[in-house]
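For the protein sequence lines, the chains are A and C, in the order given. Counted the way the working numbering counts, the first sequence spans residues 1 to 111. Counted the way the working numbering counts, the second sequence spans residues 1001 to 1113.
Hint data in this document are derived by calculation from the structure and do not stem from the laboratory. Careful, some of the hints might be misleading.
[As the list claims (entries may be wrong)] Here are the simulated lysine to any residue pairs, SDA-like style, with alpha carbons at most 20 Å apart:
{"hint": "1", "chain 1": "A", "residue 1": "K58", "chain 2": "A", "residue 2": "Q37"}
{"hint": "2", "chain 1": "A", "residue 1": "K57", "chain 2": "C", "residue 2": "Y1099"}
{"hint": "3", "chain 1": "A", "residue 1": "K42", "chain 2": "C", "residue 2": "D1087"}
{"hint": "4", "chain 1": "C", "residue 1": "K1007", "chain 2": "A", "residue 2": "P40"}
{"hint": "5", "chain 1": "A", "residue 1": "K5", "chain 2": "A", "residue 2": "K42"}
{"hint": "6", "chain 1": "A", "residue 1": "K94", "chain 2": "C", "residue 2": "Q1097"}
{"hint": "7", "chain 1": "A", "residue 1": "K42", "chain 2": "C", "residue 2": "S1084"}
{"hint": "8", "chain 1": "A", "residue 1": "K42", "chain 2": "C", "residue 2": "S1059"}
{"hint": "9", "chain 1": "C", "residue 1": "K1065", "chain 2": "C", "residue 2": "L1019"}
{"hint": "10", "chain 1": "A", "residue 1": "K94", "chain 2": "C", "residue 2": "K1007"}
{"hint": "11", "chain 1": "A", "residue 1": "K57", "chain 2": "C", "residue 2": "D1098"}
{"hint": "12", "chain 1": "A", "residue 1": "K94", "chain 2": "C", "residue 2": "K1065"}
{"hint": "13", "chain 1": "A", "residue 1": "K71", "chain 2": "A", "residue 2": "D53"}
{"hint": "14", "chain 1": "A", "residue 1": "K42", "chain 2": "C", "residue 2": "T1044"}
{"hint": "15", "chain 1": "A", "residue 1": "K42", "chain 2": "C", "residue 2": "A1002"}
{"hint": "16", "chain 1": "A", "residue 1": "K42", "chain 2": "C", "residue 2": "Y1099"}
{"hint": "17", "chain 1": "A", "residue 1": "K58", "chain 2": "A", "residue 2": "A29"}
{"hint": "18", "chain 1": "C", "residue 1": "K1065", "chain 2": "C", "residue 2": "G1040"}
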Amino acid sequence: QQQVKQSPQSLIVQKGGISIINCAYENTAFDYFPWYQQFPGKGPALLIAIRPDVSEKKEGRFTISFNKSAKQFSLHIMDSQPGDSATYFCAASKSNYQLIWGAGTKLIIKP
Amino acid sequence: SAVISQKPSRDICQRGTSLTIQCQVDSQVTMMFWYRQQPGQSLTLIATANQGSEATYESGFVIDKFPISRPNLTFSTLTVSNMSPEDSSIYLCSVGQDYNEQFFGPGTRLTVL
Chain A
1 QQQVKQSPQS
11 LIVQKGGISI
21 INCAYENTAF
31 DYFPWYQQFP
41 GKGPALLIAI
51 RPDVSEKKEG
61 RFTISFNKSA
71 KQFSLHIMDS
81 QPGDSATYFC
91 AASKSNYQLI
101 WGAGTKLIIK
111 P
Chain C
1001 SAVISQKPSR
1011 DICQRGTSLT
1021 IQCQVDSQVT
1031 MMFWYRQQPG
1041 QSLTLIATAN
1051 QGSEATYESG
1061 FVIDKFPISR
1071 PNLTFSTLTV
1081 SNMSPEDSSI
1091 YLCSVGQDYN
1101 EQFFGPGTRL
1111 TVL
């Protein structure tokens, strides 16, 4: 019940395309869903996060879509750029800072 | 968000030795955490560093192997003791701020020979 399942494991997208990464969770007590971006040799950086009282949050080219009934949330990267090539992690927590992490998605944007 | 630094950024150590990793934050924070990340893998929480009391360890991690200090609200250390090659990993500290947000340091890349 504590798991967060992330897919796909890796993703290749053409420059200018839309990158979509999906996560699913079981525990309905989760109330905070962040996405992190990690470049090689760096720590994860908080990219965008959502709480279950909204179905979508957009920040620039990055959008989280949240489906509470399906217990799924996804990250959409519009107009994907080579600089977006990184590993993306979804996570979930229960308002106690204990993040349950997805396995990660390695995203490659082809020029 | 808080600015977090870690020392050292990387190290190569011999088995059987210990390494202490420092985490410094530019502002006072209540919550500090230590994670381990194997190359190409997700993050695993080692422990929560509590100021003024013993750290809270996750299943599979023990104080004798990973002693943690938290002398104040801006600093913490993680020691990896009696190292073996299996301890080769990236060690990350993070801080918790408002609304459950966690921010990470740059990490310490440890190689044990």
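Evaluation of the provided hints:
1. Restraint check for K58/A and Q37/A: the C-alpha separation of about 16 Å stays at or below 20 Å, so the hint holds.
2. Distance restraint check for K57/A and Y1099/C: the Cα-Cα separation of roughly 16 Å lies within the 20 Å cut-off, and the hinted pair is therefore satisfied.
3. A distance of roughly 19 Å separates the Cα atoms of K42/A and D1087/C; the hinted pair therefore holds under the 20 Å criterion.
4. In summary, the hint linking K1007/C to P40/A is supported, as the alpha carbons are separated by about 18 Å, within the 20 Å threshold.
5. For the given pair, K5/A sits about 23 Å from K42/A by alpha-carbon distance, which is inconsistent with the 20 Å threshold.
6. Among the hinted pairs, K94/A with Q1097/C is consistent with the structure: their alpha-carbon atoms are about 15 Å apart, no more than 20 Å.
7. Proposed proximity of K42/A and S1084/C is contradicted: the alpha carbons are some 24 Å apart, above 20 Å.
8. Taking the CA atoms of K42/A and S1059/C, the gap is near 26 Å; set against the 20 Å cutoff, the hint is violated.
9. Simply put, K1065/C and L1019/C have alpha-carbon atoms about 11 Å apart, close enough for the 20 Å limit, and the pair holds.
10. A threshold of 20 Å between alpha carbons decides the hint, and for K94/A with K1007/C the separation of about 31 Å lies outside it, so the pair is violated.
11. Between K57/A and D1098/C, the direct Cα distance comes to roughly 18 Å. Compliance with the 20 Å bound is thereby established for this hinted pair.
12. Straight-line distance between C-alpha atoms of K94/A and K1065/C comes to about 28 Å, which puts the hinted pair past the 20 Å bound.
13. In summary, the hint linking K71/A to D53/A is supported, as the alpha carbons are separated by about 13 Å, within the 20 Å threshold.
14. For the suggested pair K42/A and T1044/C, the alpha carbons sit about 16 Å apart, so the restraint of at most 20 Å is met.
15. Proximity of K42/A to A1002/C is assessed by CA-CA distance (about 16 Å); at most 20 Å being required, the pair is judged to hold.
16. The hinted pair formed by K42/A and Y1099/C fails the criterion: a straight-line CA distance of about 24 Å is larger than 20 Å.
17. Annotation: proposed proximity of K58/A to A29/A is violated, straight-line Cα distance about 23 Å (limit 20 Å).
18. Proximity of K1065/C to G1040/C is assessed by CA-CA distance (about 23 Å); at most 20 Å being required, the pair is judged violated.
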